[in-house]
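Trainee: Sequence:
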Amino acid sequence: MTTVTLIGSRLADPGTEFVYEGEADGCAGCPYRSQCLNLDTGTKYRVTAVRENAQTLECAMHDGGVRAVEVEPASVRANIPSKGSFAGSKASLSGPCPYVECPSHEFCEPDSVAFDEEYRISEILGDPPHEVCHLDRSLQLVELDMDG
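Quick note: the sequence shown uses this note's numbering, first residue 43, plus one each step.
Fair warning: there could be bad hints in the mix.
Across the chosen pairs, the derived CB separations fall in these ranges [what the hints assert, rightly or not]:
#1 GLY137 x GLY71: 35 to 45 Å
#2 GLU112 x HIS176: 24 to 34 Å
#3 LYS125 x SER76: 25 to 35 Å
#4 HIS147 x GLU65: 40 to 50 Å
#5 GLU112 x GLU173: 36 to 46 Å
#6 GLY137 x ARG75: 19 to 29 Å
Hints listed in this document are in silico derivations from the structure and should not be mistaken for laboratory results. In this text the structure is predicted, and so the values were computed from the model without any measurement. For each residue, glycine too, the CB sits at the ideal point set by N, CA and C.
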């Protein structure tokens, strides 16, 4: 589902992904608040289009101003337990991992994915990028659908 919102002009390119973190201190009193603060906090979005002929508006948070773009929730790559998971099923993350140097860490603790929530698997991508899981977890890399 596409939503129109305002984001920093430097980020206003199709394909740009970001996690919406909610209102910042500089947003107080801004006349464009309702156009910027219309996304779900903690959700990862992808810019799908930049609105043509939209003017750049001044912003207290973005030094280059903001522009109108179309966004949609982005899918997220994540490592999940491999047992019983298949495209179309629901899954959740295994839990926190202290091994931040592991090549899989960003997939074991991906942005915008909560440990206590279930997400629909849109695609099984295969083996995770690590050679050995230091927590002895049996994992596979998947694409999670964040929009349902």
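Trainee: Each of the hints needs a verdict: does it hold here or not?
Mentor: Hint check:
For the hinted restraint 35 to 45 Å between GLY137 and GLY71, the CB-CB distance of approximately 41 Å keeps it satisfied. Checking the proposed 24 to 34 Å range against GLU112 and HIS176 shows it is violated: the Cβ atoms sit about 41 Å from each other. About 45 Å separates the C-beta atoms of LYS125 and SER76, a value inconsistent with the hinted range of 25 to 35 Å. At roughly 29 Å, the beta carbons of HIS147 and GLU65 sit outside the given window of 40 to 50 Å.
Between GLU112 and GLU173 the C-beta distance comes to about 40 Å, which sits within the given range of 36 to 46 Å. For GLY137 and ARG75, the Cβ-Cβ distance of about 37 Å falls outside the hinted range of 19 to 29 Å, so the restraint is violated.
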